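Below are the chains, spelled out letter by letter.
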Amino acid sequence: MVSFATVGDAQRGPLLDVRNLCVAFYDGEVWRETLKDVSFAVEPGEVVGIVGESGCGKSLTALSILGLLPQYGARRTGEMHFEGQDLAQLSEREMRDVRGRCISMVFQEPMSALDPVFPVGEQIAETVRRHFRVNRKEANERAMEALSAVGIPSPQQAMKMYPASLSGGMRQRVLIAMALVCEPRLLIADEPTTALDVTIQAQIMDLLLELGQRTGTAILFITHNLGLVAESCRRMLTMYAGQVVEDGSVRDILGRPFHPYTAGLLGSIPRAALRKTRLSAIPGRVPSVSEMPGGCRFEPRCNYAEPRCHLPQELVESQDARHVRCCRFGEFVLTGAPA
Amino acid sequence: MSNAPSEAILTVDRLDVTFKGRRRSQLIKAVTDVSFVVRKGETFGVIGESGSGKSTLGRAVVCLLRPSAGQILHDGTDPFQLGREELRRHRRSFQIVFQDPNAALDPRMTVLESVCEPLDVAGLGKPAERRQKALAMLDRVALSEEFAHRYPHEISGGQKQRVNIARALVLEPRLIVCDEVVAALDVSIQADMLNLFADLQHEFGLTYLFISHDLRVVAHISDRVAVMYAGKLVELAPAEPLMQAPLHPYTQALLSAEPEPRVPDEGGSKRIILKGEIPSPLAPPSGCRFHTRCPIAAPTCATLAPEWQEFAPGRFVACHFAGTPLPAQGRVRTPVNT
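Line by line, the protein sequences give chains A and B. Numbering-wise, the first sequence is residues 510 to 848 according to the numbering used here. Numbering-wise, the second sequence is residues 12 to 349 according to the numbering used here.
There is no bait here: all hints are sound.
Straight-line alpha carbon distances no greater than 30 Å define the calculated DSSO-like cross-link-like pairs of lysine-lysine that follow: (1) B:K51 x A:K785; (2) A:K646 x A:K669; (3) B:K286 x A:K669; (4) A:K785 x B:K281; (5) B:K51 x B:K144; (6) B:K286 x B:K40.
Keep in mind that the hints were calculated from the coordinates and are not lab data. Computed from a predicted structure; not experimentally measured.
Just need the whole structure built from these sequences, with the hints factored in.
Below, the structure written as structure tokens:
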């Protein structure tokens with residue numbers, strides 16, 4: 510068993526501190542660096558959003574933290590301090606004690622994250638039994654409590670149900686119950702509501718935030734929906750092509766983004782006030798690993814590109830704990846979200 | 012409404028679409044008693060959650076499904092009364108673009124072959140002319156000739172959706188049903204696609220029936236919007252008043268549930284959170300179908316189905332308590348505590 514600071518301990522510093530995380534995949538000829546120098550921190554109890562288009566490395570960051578990369582053909586470097594301990598140094602055996610107990614994850618597709626041939630109650634109880642010395646009966650009781658905490662009607666019957674007989678929203682509730690049953694310190698929610706309808710999304714988001722608050726669990730919330738970030742997170746990161754390009758408080762970033770990519774994402778969202786007007790789409794698309802520009806990775810799509818953007822960009826502290834990866838930041842004012 | 016009420020290009024009158032269930036006796040009513048008129052040149056949005064019957068409606072409109080009751084009129088003619096050959100010719104003018112750009116293209120055909128195919132089926136012009144026409148249409152949706160000889164797996168999702176649009180456009184249709192056409196795309200690509208739809212509409216004088224679950228997208232592109240719930244229309248209005256002052260409690264809840272990318276303020280935001288889920292079409296609730304989730308439902312709602320009434324000029328709604336604002340009973344969100 511790895512010893513982690515318990516809930517009551519006075520804590521110094523962030524809960525999770527990721528420094529220079531790099532992930533490369535071998536494509537048969539060369540190692541392609543998919544994540545490059547990803548650094549960020551999550552404070553205890555904080556809700557942090559990660560935004561970006563598909564292929565920007567949001568989910569890969571989450572999987573890297575949990576040590577869920579393929580065993581062969583993937584290479585991870587950098588540090589990931591969780592409650593003072595570097596997760597990168599732990600063995601697979603030790604990581605198993607971490608997953609589900611200290612850090613757990615809710616995935617986008619609830620159907621593929623649940624085992625179709627076991628009742629959901631058994632799947633939740635399994636997590637409890639893996640991490641605590643309890644008998645089957647007690648594990649089942651905890652599983653049932655978890656199911657009722659996530660608002661599933663008649664949890665006793667729900668325990669015996671199979672994933673196929675539950676709706677998408679209910680399955681997502683089961684996944685949340687499973688993720689929170691051991692009261693982890695950090696929950697990684699990877700697009701937890703993307704597959705759901707908007708009224709169900711509102712239910713699930715409400716539930717996640719409320720349970721997170723009640724148990725003091727920090728949430729790393731991965732999404733492409735800037736509206737959800739605006740409503741539920743205090744801090745956010747923008748990722749682009751495997752790098753963090755902007756980091757700061759949601760209020761500051763949405764009010765006045767410093768990176769043209771963040772501003773581009775905001776400009777792409779249709780707004781009621783600007784009905785029938787042209788949307789400012791970002792030209793082109795996220796480069797694939799094999800065609801990654803050597804300098805600023807956003808340069809080919811950027812309206813503000815200059816010759817010096819051909820150089821690699823550093824993530825620099827701009828002001829008030831904000832970070833941005835753009836050498837031209839501050840030279841122009843970008844449009845943010847409406848107040 | 013903008014200009015004088017122009018002619019109807021599509022009339023849907025008391026439409027029912029029913030599927031057979033697992034047992035013979037079981038009937039699933041996906042669409043019940045839906046009526047509306049789409050005018051020439053407008054974009055008519057249909058919004059609803061999964062299971063509301065919006066895709067079934069879209070398919071019935073282009074004659075891919077046969078109505079079990081009611082009528083669909085294309086320009087005043089009932090396509091289901093046409094003979095096979097006539098229907099085939101008629102179909103050219105009424106096209107559909109589907110949600111999943113991957114599933115809609117044949118993986119063994121190049122982009123050019125896919126765009127040529129509708130012309131081949133229609134037997135329009137000589138092969139060289141068809142090719143020219145297909146290439147011109149690809150160019151119009153911003154796909155250069157180098158893409159023409161690629162296969163679907165060699166291009167991105169956004170590009171595939173452009174191919175699908177080119178495929179629908181090449182027959183010079185008058186109405187296109189767009190069924191969740193931007194749902195599978197990233198927001199920056201989605202913006203690009205919405206701009207393209209607007210441009211094409213101006214250029215070719217198209218009419219769109221734009222189906223989506225994304226309220227923001229529908230409101231952005233549509234002139235008028237219909238809201239569907241559990242197989243029925245609950246509200247129909249011009250986009251602006253619908254967004255600003257929705258009449259039906261379901262529309263209100265839908266609008267409130269949509270997270271706004273706004274700079275958060277100290278107060279946080281309240282919202283209406285509906286309980287429960289959309290009812291199964293196997294056993295639709297009695298009376299008003301929304302009463303099981305409606306925060307302001309009264310006893311009458313469970314017994315008496317509300318009439319489809321014109322509440323204000325051009326604004327239709329089916330609710331006994333239309334226009335009653337819902338209380339925002341959701342929690343106050345305060346992410347801001349810096």
